[in-house]
Amino acid sequence: MSVVALILLFSMLLGIWRVLKGPALLDRLLTIQLFGSTGVAILLVLSKVFALPALLDVALLLAILAAAAPAALVQRLRQQKQRSRQRTSL
Amino acid sequence: MALLLFDLVLCALLLLLAGAAMLSRSLTQAVTLFIAFGVMMALAWARLKAPDLALAEAAIGAGLTGALCFTALVRYAKQPAYPQPALWRPLTFIGLVTALLLASLSQIPLQPSSAIPALVQQHLPQSGVSHPVTAVLLNFRAWDTLLELLVLLLALLGARQAPGDLPRYRGWSLSISWSRLLSPLLLLVSGYLLWRGAAAPGGAFQAGALLASGLVILRLNQQLSWLSWRHFWVRMLVLGGLLAFVLAGAVSLLLQDLGAVWLSWPQSIAGAVILIVESFATLAIAVTLTLLVVGEPKPEVADA
Numbered sequence: 001m002s003v004v005a006l007i008l009l010f011s012m013l014l015g016i017w018r019v020l021k022g023p024a025l026l027d028r029l030l031t032i033q034l035f036g037s038t039g040v041a042i043l044l045v046l047s048k049v050f051a052l053p054a055l056l057d058v059a060l061l062l063a064i065l066a067a068a069a070p071a072a073l074v075q076r077l078r079q080q081k082q083r084s085r086q087r088t089s090l
Numbered sequence: 001m002a003l004l005l006f007d008l009v010l011c012a013l014l015l016l017l018a019g020a021a022m023l024s025r026s027l028t029q030a031v032t033l034f035i036a037f038g039v040m041m042a043l044a045w046a047r048l049k050a051p052d053l054a055l056a057e058a059a060i061g062a063g064l065t066g067a068l069c070f071t072a073l074v075r076y077a078k079q080p081a082y083p084q085p086a087l088w089r090p091l092t093f094i095g096l097v098t099a100l101l102l103a104s105l106s107q108i109p110l111q112p113s114s115a116i117p118a119l120v121q122q123h124l125p126q127s128g129v130s131h132p133v134t135a136v137l138l139n140f141r142a143w144d145t146l147l148e149l150l151v152l153l154l155a156l157l158g159a160r161q162a163p164g165d166l167p168r169y170r171g172w173s174l175s176i177s178w179s180r181l182l183s184p185l186l187l188l189v190s191g192y193l194l195w196r197g198a199a200a201p202g203g204a205f206q207a208g209a210l211l212a213s214g215l216v217i218l219r220l221n222q223q224l225s226w227l228s229w230r231h232f233w234v235r236m237l238v239l240g241g242l243l244a245f246v247l248a249g250a251v252s253l254l255l256q257d258l259g260a261v262w263l264s265w266p267q268s269i270a271g272a273v274i275l276i277v278e279s280f281a282t283l284a285i286a287v288t289l290t291l292l293v294v295g296e297p298k299p300e301v302a303d304a
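Residue numbers (UniProt numbering), protein chains in the order written: chain V, 1 to 90; chain U, 1 to 304.
Hints may be right or wrong, so weigh each one.
What the hints assert, rightly or not - Covered, in the sense of this in silico footprint (three residues per stretch, anywhere, with C-beta under 8 Å from a C-beta of chain V), are these stretches of chain U:
1. 26-39
2. 57-66
As the list claims (entries may be wrong) - Distance ranges between label pairs, derived from CB positions:
3. 7/V / 187/U: 32 to 38 Å
4. 3/V / 104/U: 36 to 42 Å
5. 22/U / 11/V: 21 to 27 Å
6. 174/U / 53/V: 32 to 38 Å
7. 7/V / 143/U: 44 to 50 Å
8. 7/V / 22/U: 25 to 31 Å
9. 11/V / 256/U: 53 to 59 Å
10. 7/V / 120/U: 34 to 40 Å
11. 256/U / 13/V: 33 to 39 Å
12. 72/U / 53/V: 32 to 38 Å
13. 7/V / 247/U: 49 to 55 Å
No wet-lab data here; the hints were simulated from the structure.
Note that beta-carbon positions come from the ideal geometry of N, C-alpha and C, so glycine has one too.
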């Protein structure tokens, strides 16, 4: 069972390349989303391995909150967009 | 074997993300790396079989901190150009903090004392709840939790002294409708966590943090403009956690015999008292964190 968790973690290790290198903000954001969903999968596996049903709640929380970061990031993207528009109109 | 390898990879990932977040040149990059770090940290707590901490870390690290850092970034008119401080200053600071941390490390006993968990287990039936962590937080060491609520309130009052002007951008219609879909789910799950806290990992803090993430998402999409410090009842909600706590302490002091300890609940109503205190604390934590993260609603910036 724990081999499955290990394989999932390795898939995160591959994703780290995109987080570190980017190049765009959206690449990084999508990798964080990938981390979130892989994290959910790992938590589900771990809850089986350790026989800890409470980890299912953590997985639920992580799945829902994966949506929180993009909501804030949209503000940042909008700001960048508006600023670049101001720059072109000047 | 596989678990050992899992631990090694997880530690490597944590160190890599932490180092990259600190050394990153752009603040936006650092924030995204930090959010990824929060997800990994939640996994690490889950690996250490500490679901209470994993819940808190998932709610704070993966949810709120990212929103907080991004809104802070939006507040800057442009990327701040830091004046380069002399090198010895940060080095002294880092050295000092590291020394303090190492010194405190020696205070931690290598083997956790077995007496305290046994003591908690022994008194668990009198606490009114069946989850030991909740029993410690809301009954045996309720004073600590009360002071934590006070710290949160002080943080909000302190942050209010530094008014920021967060420019508002009208949310894209997709993100608005999506946040509306998400909010009932968040409400449901935070109520579930609050209720679960009596018997399993969960409780006021996790539920409050989750609720706060939902409120922050809605506020970032220009909803809930009524959630403002101007309104009397919002202030009452923020104070409500502390008020309910102190009132419950006073009432249970009156109900008990002379010589009863402050903030110890009478055994017969302990469960109900804990639930009431936790409910008010959840609302207070949620509203306080939301106001801390997104501040006051401002007229939005028009952009097509």
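Right, here's what the structure says about each hint:
Under the rule that three or more residues need a Cβ within less than 8 Å of chain V, the assignment of the region 26-39 of chain U holds, with 7 such residues. Coverage of the region 57-66 of chain U by chain V holds in this model, with 6 residues showing a Cβ closer than 8 Å to a Cβ of that chain against a need of three. A hinted range of 32 to 38 Å for the beta carbons of residue 7/V and residue 187/U is consistent with their spacing of about 35 Å. Distance hint check: the CB atoms of residue 3/V and residue 104/U are about 37 Å apart, consistent with the given range 36 to 42 Å.
At about 25 Å, the beta-carbon gap between residue 22/U and residue 11/V stays in the expected band of 21 to 27 Å. Take residue 174/U and residue 53/V: their Cβ atoms lie about 35 Å apart, and the range 32 to 38 Å holds. As the Cβ distance of residue 7/V to residue 143/U is approximately 46 Å, the hint placing it in 44 to 50 Å holds. Between residue 7/V and residue 22/U, the C-beta spacing of about 29 Å keeps the proposed range 25 to 31 Å intact.
Between residue 11/V and residue 256/U the beta carbon distance is about 56 Å. The supplied range of 53 to 59 Å therefore holds. In this structure, residue 7/V and residue 120/U meet the distance hint of 34 to 40 Å, their C-beta atoms being roughly 38 Å apart. Our hint of 33 to 39 Å for residue 256/U and residue 13/V is violated, since their Cβ atoms are close to 56 Å apart. For residue 72/U and residue 53/V, the Cβ-Cβ distance of about 37 Å falls inside the hinted range of 32 to 38 Å, so the restraint holds.
Our hint of 49 to 55 Å for residue 7/V and residue 247/U holds, since their Cβ atoms are close to 53 Å apart.
Consistency note: the structure conflicts with earlier hint 11 alone.
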